[in-house]
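**Student:** Here is how the chains run, residue by residue.
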Amino acid sequence: MGYAASEQATAGAVSALAIKILVAGGFGVGKTTMVGTISEIRPLHTEELLSERGVGVDDVSGVESKITTTVALDFGRITIREGLWLYLFGTPGQDRFWFMWDELSVGALGAVVLADTRRLQECFPAVDYFEQRGIPFVVAVNCFDGARRHEPDKVRRALGLGGATPIVLCDVRERESVKDVLTTLVTYAVKGVPTE
Amino acid sequence: MTAADPGPLIRLFGLTGGRARPVGETFDLVAIVTTVSTYVQPVEHLPEHLTVLSLCRSPTPVADVAAHLRLPLNITRVILGDLRREGLVTIDRPRPAAQTIDERIYREVLHGLRSL
Ligand SMILES: Nc1nc2c(ncn2[C@@H]2O[C@H](COP(=O)(O)OP(=O)(O)OP(=O)(O)O)[C@@H](O)[C@H]2O)c(=O)[nH]1
Ligand SMILES: [Mg+2]
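Chains A and B are the protein sequences, given in the same order. At position 122 of the first sequence the residue is numbered 122 (my numbering), and the sequence of numbers has no breaks. At position 5 of the second sequence the residue is numbered 201 (my numbering), and the sequence of numbers has no breaks.
Hints in this document: simulated from the structure, not taken from any laboratory. Among the hints, a few may not be true.
Claimed, not checked - Within a straight-line C-alpha distance of at most 25 Å, the following computed DMTMM-like cross-link-like pairs (lysine to aspartate or glutamate) qualify:
(1) K191/A - E299/B
(2) K154/A - E174/A
(3) K191/A - E304/B
(4) K179/A - E282/B
(5) K179/A - E304/B
(6) K179/A - E240/B
(7) K191/A - D298/B
Treat the numbers as computed from the prediction; the structure is a model and nothing was measured.
Please construct the entire structure, taking both the sequences and the accompanying hints into account.
**Tutor:** Below, the structure written as structure tokens:
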């Protein structure tokens with residue numbers, strides 16, 4: 001039994017694949033909701049040294065230098081089959097956690113940038129970030145109740161996006177809607193990467 | 197000073213020797229960790245190490261190992277780096293995601309997502 005299990009593990013190592021997708025966007029735009037709608041959220045956090053990363057942001061005056069802060073991440077897993085998963089990571093919304101983005105974005109297949117039409121400008125930093133690093137992204141406009149339904153073209157112009165970047169209107173509370181966003185992203189990332 | 201219980205922090209310190217970064221080649225959050233099949237269970241290992249070795253008989257991404265251990269990600273990575281140095285686990289090399297997804301996997305993912 002033990003032997004068979006080990007053999008399986010060795011074989012699996014060749015083919016196991018975890019695909020990473022980031023969910024970014026401004027404060028309170030619906031990142032956590034989106035991850036929770038489509039996957040089981042699992043607790044994940046990290047400890048970072050404030051002295052290393054966040055100097056001048058958190059008030060650490062009068063306290064010894066080696067203080068850690070806990071950064072909680074939205075983390076969801078979608079199992080496609082044994083050995084093939086999609087992992088969703090919500091990037092922390094607060095500015096002082098920007099350093100986490102570099103860590104999160106390494107090797108990512110792509111990103112969903114969530115936008116709220118009432119404050120579109122809040123997703124500029126995320127759009128810039130992914131554009132600069134050549135990480136494929138889709139803009140998902142979370143249509144909060146009562147929010148004006150922007151035409152995708154207006155959003156495209158407001159964000160200064162190139163023609164290839166998909167823009168999807170969505171409701172992050174609806175599973176079908178989130179599935180739509182993710183399939184659009186996966187297809188864009190795999191098939192639609194504009195030629196350099 | 198705060199009145200926070202120092203217990204957990206001391207425990208974390210013991211697991212990593214206070215190190216903030218893992219030894220060796222860096223690895224991604226979703227790099228696959230696999231227990232080396234021939235390992236002989238070393239009795240002197242910390243419970244957390246044994247948990248990893250048992251969990252990763254089935255190839256498991258780093259972030260899942262952290263969630264399973266209920267330990268911070270950075271602490272988990274230090275532990276994984278140590279186990280790798282001892283030759284007890286392998287951690288796959290980072291690969292650009294788009295290159296690892298061939299047509300078959302792409303279809304599987306789309307189909308999997310749609311049937312959720
Ligand atoms: N009416 C409505 N409420 C929504 C929608 N999406 C999210 N919300 C609510 O908006 C609030 C913020 O959503 P979250 O998912 O926590 O947003 P977040 O981006 O994770 O927020 P931070 O992590 O704080 O940046 C929650 O109370 C949600 O229930 C939506 O489409 N419609
Ligand atoms: Mg959130």
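**Student:** Now tell me if each hint is right for this structure.
**Tutor:** Now the hints, each set against the structure:
1. K191/A - E299/B: holds, 10 Å
2. K154/A - E174/A: Judged against 25 Å, a Cα distance of about 24 Å means the pair holds.
3. K191/A - E304/B: Holds, at about 15 Å.
4. K179/A - E282/B: violated, 42 Å
5. K179/A - E304/B: holds, 14 Å
6. K179/A - E240/B: violated, 46 Å
7. K191/A - D298/B: Holds - the C-alpha atoms of D298/B and K191/A are around 10 Å apart, at most 25 Å.
Checked against the numbered hints above, the structure breaks hints 4, 6 and satisfies the rest.
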